[in-house]
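Work the whole structure out from these sequences, hints included.
Note that the protein sequences, when read in sequence, are chains A and B. When the letters of the first sequence are read in order and numbered with this note's numbering, they come out as residues 1 to 222. When the letters of the second sequence are read in order and numbered with this note's numbering, they come out as residues 1001 to 1516.
Calculated from the structure, these hints are not laboratory results. Every residue gets a Cβ at the ideal spot worked out from N, C-alpha and C, and that includes glycine. One or more of the hints may lead you astray.
Reference listing, derived: stretches of chain A covered by chain B, where coverage requires no fewer than 3 residues with Cβ under 8 Å from a Cβ of chain B [what the hints assert, rightly or not]:
1) 119-129
2) 138-149
3) 160-167
4) 209-220
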Amino acid sequence: MAADMLMDDSYKSNMLKLLRSKNRNLADLFKDMAPDSSLESIRTDSGSLTVRRNMGGGIYRYIHSMVDPEREARIWTDCQFVQNGNTVILGYGLGYHVLEFLKRYKNIKPVYLVEADESLFRLALEVSDLSKVMDIVNVHFLIGQDVDSVKQTLSDSLDNLFTYHVFLPATSLYPEFYSSVIRILDDSLLKMRLTAGRNNDCGTDNLLATGVEKLIDVIKDL
Amino acid sequence: MNILVIRTHRFGDILQLTPMLEGLKKKFPDGKISFLTGSDMTDLVSCNPNVDEVFSIPEKEYRWFLKNRPEHYSKIYNELYDLISELKRKDFQLIVNRQYELGAILAWLIGTGEVLGGSFSPERGFIFTDDTSQELFETIRTNRNHNNRNLVDWSCHIAGISPGCGKMVFYVPEIARSDAKHLLSRGGIKDDDLLVAVQMGAARSFRQWGPENYAHVIKWLIKDRNKKVVLLGSDDEKELAETIRHNLGSKNGCIIDLIGKTDLNTLGGVLEQCQYLITGDTGTMHMATSVGTPVLALFYGTAYPWETGPYGTGNLVLYADEPCSPCLVPEECTFEHKCLKAITPRHVCKAFELAESIRKDNLPPLTWPENNIKLFLTHLRSGFDQTLISVNDIDEMAEGIFPLFDKPGTSRLESDGIESAVSMFGNQRDLLVKQFYLGNKQYFIDAFSEFICQLDKILRYLNGNGYGNGYEEILSHELMPAIKEAHMAFQAEDFVTVLDIVQYNFTPIIERLRRR
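Structure below.
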């Protein structure tokens, strides 16, 4: 990503243009949005950019590795358990991990990218190449939405089995928002796994879906 | 052969599977053995060379959340679902389940060619999957007092392994050994002190002999046998130590109270330093035999020494052989637990004298004059089930069973230096990194605390074992500032910086320390 980094207005305009083709409202939102002075992009040891948020009182929180964000993205992707279903990624940051994930899983079904921090996404439009993400038809951005809107969008769309993936550095900036979203996803996943299991559809394992309930009963009574 | 062994709780029971693990490894030298256990039990098997991979379930945490925070149900469900999916992908050809119902459901869900021990069927519930497991169950239920086989050997038979093919082992990491020495020296113990460990508590009240009885024995050990006594036990047994202190009066200084102060690794390290352990039928008893420390075990009617007695050669077992024992429902005892009172401090002191003379002279003539209380010696031979030999029969059997013992300490595992410390550090680092990437904040926080704890131990170990010489520069100029920086980042919840420090600062420093 480092080689593609451009930090001028024309670059941002191109990104906005791409975004507009995907999500007009979002593009409008970012068109005139002022930069957030508490966010600062910094060159890492590998030459790519990372970003940090000034939390006040001399405290900073980094969103990507200060050494090698691409390596971090590769390890993050290695650690994810991916099923052939819909995908939700919580925490976008500058998107290194998302790009790596999409590169690795080319035939993935719809991917929902949730980022609570609008300013961070705005910065991502300026400093990172989102074209490879936006080129994919099935990628949807849920940026700066409240919990209810996210719930609405996801409940309308996640009608098949799905997995969700957490990018901790970004989600830990907004713990309440993301825990609520995770709770919603966990509840939906449970419901879907059980329903699919009982109907033995979606290719899931009927035994596993209902058997885990039994397992929990035993653990509870031990 | 890809094998999974399941046992999630009770640390003594997990240690009792170690001979079976050794046997499985011998039987399938190219096989891969995985162990699924509780998250708080992983230390028991993670350094065991017969175990290739450890999986864990935070069973206790789950139980707490299910009872107190039911809104976490979906999270727990999904975590278990994902864990089982991961285990399914491992494609095990054999599962040895030693955890009855919980393990049975897990084995059923993981699915495999063969399950030994027990599995589950939605129609029939728990089912035994082999004749030996069925036989064990029936024996304990209906014919317990005719069972001559230790559970360790039962496990071997269930897994199709020859009994006596391996010893119970716990690999005390060097760092825990150092930690144990530190704990003991802080309690005033010197290198030439003769230590006897005493575990007074037991998980269930009907297995507790009582602090007054132990106080008699401890007083005798200190006054007449010139020993120092280490008290062991869990956090909720602290008041037992108070009673002992009160009873001992001026001899108070000869006891070291480590109740609630040891984790599993350090417990192993402390027991290694002791000449003997005196205990009831406890997990600590199995830990002692696993680190090569002989045991004098007190078995009342509630436990049966043939079944769960200390495993290996040269341990002594006092057994209150009441007509009603072995007891199947001790909670409903109508004899006021008279078996507990049958063993007196005098019996224990006398048995201890014999234990010492056995160790000193290897096999002196022994007599045990008590009729109502039996004294047995444990004996293990390769290819055979463990036997309990009545001390009074040893003379005539001596030819057949000699030599009985290793010299104290020779069965212990050789120290492996700093490698185990670095290896533990490496495991903890990997876990921390994994939790970061999986995005579970709470697990990451827990893993970081454990990681720092591990680092502290490494530093203490390096300093306390002469590694400090020549290492000061690295320690003070590189490692210490890195730890400080990581702490600060962690406090600020700057997890990326924490991980950068862990991956790019700590790891190379530790590697350099090891190379030196």
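Hint by hint, here is what the structure shows:
Counting residues of the segment 119-129 of chain A whose beta-carbon sits less than 8 Å from any beta-carbon of chain B gives 0, not enough to reach three: the coverage restraint is violated. Counting residues of the segment 138-149 of chain A whose C-beta sits closer than 8 Å to any C-beta of chain B gives 0, which falls short of three, so the coverage hint is violated. With a threshold of 8 Å between beta carbons, the proposed coverage of the segment 160-167 of chain A by chain B holds, since 3 of its residues qualify and at least three are required. For the segment 209-220 of chain A, the proposed coverage by chain B is satisfied: 10 residues have a C-beta within less than 8 Å of a C-beta in that chain, meeting the threshold of three.
In summary, the numbered hints that this structure violates are 1, 2.
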